[in-house]
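*Asks:* Chains B and C: place on chain A using the hints.
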Amino acid sequence: MLTDIMQVLVLGSVEGAVYMLIAVGYSLVYGTGGIMNLAHGAFYLIAGYMLYWYLGTLGLFTSVVLALIIVTLIGGISYLALIKPLEKKSQLSVVMVTFAIAFFIEQIVKLGCSILGFEKESTLPNLIEIKGTVSFELFGTIIPYDYVFILIISFLIVSLITLFISKSKLGTSIRAISQDREAATLMGINADRVLMFTVMISAFLAGVAAVIYVPSYPIAPWQGWVILTNSFAVVILGGMGSLPGSVLGAFILSYASHFTRVFIDPAISTLVPMFVIVVMLALRPQGILGKKEID
Amino acid sequence: MQIRFLNRIKENSLFVICVSVFYLVELTYILTLLYYFGYTSLILSTILYFTLFYFGFLYLAFNFTILWAAIKRNFKLIPSAIRRLMAWLGTFKGGLTLFCMLIIAIIPLLTQNAYYLGSMFIVAMIYTIYAASWDFLAGYTGQVSFGQAAFFGFAGYVTADRILIQNWPWLPSLFFGALIAVLISLIIGIPTLRLKGPYLALGTLSFASILYLLFAMPTILYGSTGLFGVPRLSENVIIEYYIVFIFVIISLTIMKAIGNSKLGTVFKSIRDDETGAEASGIHTTRYKILAFVISAFFAGIAGGFFTMRNTAVSAQIFGTTYSFYPLVMVAIGGIATISGAGVGAFFFIFLIEILRGVADFQWLPAGAADFLDDALIFSVLLILVIRFAGAGVLKSAIERLKNLWDILLGR
Amino acid sequence: MKKSMQRILAIVLVAVIGVGIGAGAYFFLISEAAEYKWDNTTDDIMDTVPGIDEEVPQNRIIKFGVLDDMGYITGKGAENGARLAAYEINTRGGVNIGNETYYVGIETEDTEEANPALDLSRGVAAAERMIYYKKAQFILGGFRTEALQAYREIVMDAKKIFFITGSATAKFCQDVYNDYNKYKYTFRIQPLNEVFLAGEVIRMLAATIVDQKENHDKNITKIAIMREDLAWTARMSGSINGLMPFFSAFIYGDNRLQVVEEIAYPQTAGPVNFYGYWADIKASGADVTIPIISGPTGLYYSDVYGDTNQPSLSLGINVMGQQNIFWEQTGGNCEYEIAMTSFIRHAKTPFTIPFWDHYVGNFSTAPIYTATGAYDAVQAVVTSIIDGQSLATDDVLAELEKSEWQGIDPNWTTPTGIPRMPKYGMGSPTATISFWTDGTYHRDVDSATAGIQHTRHDVVEGSEPLGHAVFVQWVYDSANPTLGKWECVPLGPIPGISDDYMLGTYFGLGSWEPPMYTDQPWGQVITANITWPVR
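Protein chains in written order, with the working numbering: chain A, 1 to 295; chain B, 1 to 411; chain C, 1 to 535.
Next up, chain A with everything else stripped away, as it sits in the complex:
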């Protein structure tokens, strides 16, 4: 029993921390620009694969840095080249183009694997190894050292981002735009530039999530969609566009799904996020902490 509860706590916290990173980025872009980015899961995917491809030749540090830089650039480029020009036309084509980007990145990842000679689905060596082992036991639960690292890094990054948004000049612009875009533009804020940075930050967060989580988790090309639907669940639970809501949603959701896995059935645990989406859409679509948007 103690072991089971520990498992829910530990694994739930770790997964919650990862989803927090992903969902905060997702929420940030939606809250600021109203952009529904379906390529968000693909950002995670491409960063994970970059790490996987480079790790053998470039070493850990370089490949992590490179993966993060590339995924941030991909975020910026996809905003500048695709989202920004379409945003003026219609909201519909923005959503469609992000869907297409997600699909494209999935194919690119597959292509990259066959060209570079990697297996499409794989596991990576863990990041941290102490005294020849990569994990330790606590009350019957086996915890890789990586998980501790994931918790630390994700909370650190999210705190930094929050600090950045509340204190820095760019952060102020982000907040201004999310409140009233037209007014902010009138005040002389370059909304496009700010949005570009927002998408880049969001891609960076997804990249960080990938880089810290992939070494202790397998990687597969279709994972992008799972990540995307799970982060939907998180933001719907917490409230679309609300950062504290995303943090809360991420943890509630992962505890719930690990609780189901341990105490009910592993097969049902994969359904938990989907169940949350349906229930929330039907009962409280604005989420726990979200703004009311119903007509």
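Among these hints, one or two may not hold up.
[What the hints assert, rightly or not] FRET-style restraints, in silico, Cβ to Cβ:
#1 B:T285 to A:Q179: 25 to 31 Å
#2 A:I130 to B:I354: 51 to 57 Å
#3 B:I250 to A:L160: 56 to 62 Å
Worth flagging that the hints you see were computed from the coordinates, not collected in a lab. Since this is a predicted model, take the numbers as computed values, not measurements. For every residue, glycine included, the Cβ atom is placed at its ideal position computed from N, Cα and C.
*Replies:* Relative to chain A, chains B and C alone:
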């Protein structure tokens, strides 16, 4: 009221209707003959039929003359819909549509290869209905469904279940599947369509994932195995071809007709200015749900056919790829056109086939085949089309062709 | 003037478009070019007709189509195996039917069935393309039950002989028995079915338990099972669970031996966290963990097996573990893991080692089970073609079903020139065919008519009566620390467990009465040689 209606028919259109019914019966005869003689004797059996029973084509010509005389006599009295149809067929677009339909109709006379007819043309026609159903929703009302596969797949499963397990004939199974798809669409549509914001996109995408996970569970809902061994519409691929063909024409006509009707105008007003539509007293949520339901119905029809074509259905039918396909097809063909879906679907199938053919070449440099992956090429294509040709490729191409045609006719 | 010029131009353009469409339709649908051509130019083993360096007339090619996931190890294995057989047959002069020489051609179609998100329509389309477009005469391949079930129907409707080379579901051969007229074209080469596989795992487990008890004074009592949540693993797990009490009574005299933990993880939504599962297994105190995993998640299974320093021995079916780069893929985390495979380079039959060497020489990778299966399937079909002197499906079927010969006959040679080993039915270098009639197993087929009516078309490879599976253990190799090495765990006969007993498991546990063996002495000779995990 009823008597007046009957009198009108008696006086004016009875003859036309009789002859038309007669033609229908003839067609049924030919199809029955075909069914028993097999497709290889398609032409032979047709000729045999006419020469033996009706003294050759003279009879056909005679029939045509009568029909034409009747049409001419009652031209003004033919219901306006038919007159409009005739007028439309006379225009460039109508003529082109008729021409394309005729080409598709005669394909089985040109080739009897089961692979071309079955795996290419029939699948392309099924995708036409599917893509058109997506286009109906997105094009006319501006609501985007990223989980169209939910209806497609659910109807597929239900149809397969009716045919395989309940031993129903295929036609009721097909409609039953489509009706269940309608129910599903209400379940998704009612909570999401009343909200502003991208909730429909989100709801549909997640709902398709839920269905995927549920149907992939090993023990419930036919297990991870799915259903297989579903009989095809007919063992004869040509009969299958024509059944699907007829359904494509009916479905596309209905969708197009709704689009051009008053209802379609309401849909478009919601798409163009939702607040404005609401202000002028239109209950937007209700109309959006109606459009969603119609779209789901046709996606369901397509799903039923798709399952029967594949003889099997598994959980992956709910996968993102199947939600992605109609987007690509419609983007290629042009949004809000319905007919563009057909062009997109055929283009899609042919391009995949060409890519496969190229990948089969032995002299291809190593690794080059990887670039010929259809999903990769289509995602690039979709990005490019959305970015640079929002209206789709078809519209401008048709305009060019029309200009060409006008010049040719000296207009 | 300008207008008329424009008009002429327009007419020309429209005519060009019309003619273009017409010509295109003619070229792609009707003309000769629309027929697929089995091109061959070099004698490269990867070319259509392996081993022949010239164009072969289309009607002189015996067309074999491989349907499998070409992006996964099973598909590559099936293709390579078939190519190797074709290469051997062609380079030795091809196949003579009447006065004509035929050559074996191989083509592949990708069914994408290894994709965890399985799309049945891909497999169906591939089968249609192979049969109706490429016009293959004989089909082989397939490894995932769900996909196979769908496209097997297409192959059966087309009445083509179909050798299944990778799927272990009993249903395929049961169908031959249930609906012979429809499914008589189905054959299946090992693995026979899930109960057979369970029997093999149990056999290995029994040897391990007895070895530890007799030689190391270690009592193994707790067993854990970790499996993909799929239909075939559920049946296998049922077999293992059902057999456990009998083994326990057999080995310990009581019911000490038990399955203490069973985890069925969903593989549809992606791998769920294996740290949790392995923690459960460690907490349950299991001595042996049995994986039943065919998909790519096997990699994650092994990775976390090492990461969590499991004290239990992993012993079972993990298809990823049959690949010789497994050590590298898991970063050595698969150490101590025992994987079941069909073949390894040892003399299972007199023909195994030559086959192995030839295969490794050509493809520089070790053959997995689909490779040997496909190799044998091609050999079996070609031998039947020679015997029946006909390419017609029904003639080949009749030849394949003949099962009269006994013993190795040096006068009978396969197309490769090696004396074949006809045991029960025709043989090929590593295969013998056994036929089961209605519920019974024909150890000796003494009548020419026996069993034809009610065969199940299971093809057994290796020595009699069943071609036993082989177990290999991944161990550290000081000479090559990054690649590790396989060590074969030799498994001799287990005294007291007769082959009849193992065969009894073949027919499913539902109707199966456990044999009485209380009066049989438990043997002394156990040959299991296992490196136990030291953590």
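*Asks:* Could you run down the list of hints and mark each one as holding or not?
*Replies:* Do the hints match the structure? See the list:
1. Remark: the range hint 25 to 31 Å for T285 (chain B) to Q179 (chain A) is upheld by a beta-carbon distance near 28 Å.
2. The hinted window of 51 to 57 Å between I130 (chain A) and I354 (chain B) holds, with their beta carbons roughly 55 Å apart.
3. For the hinted restraint 56 to 62 Å between I250 (chain B) and L160 (chain A), the CB-CB distance of approximately 60 Å keeps it satisfied.
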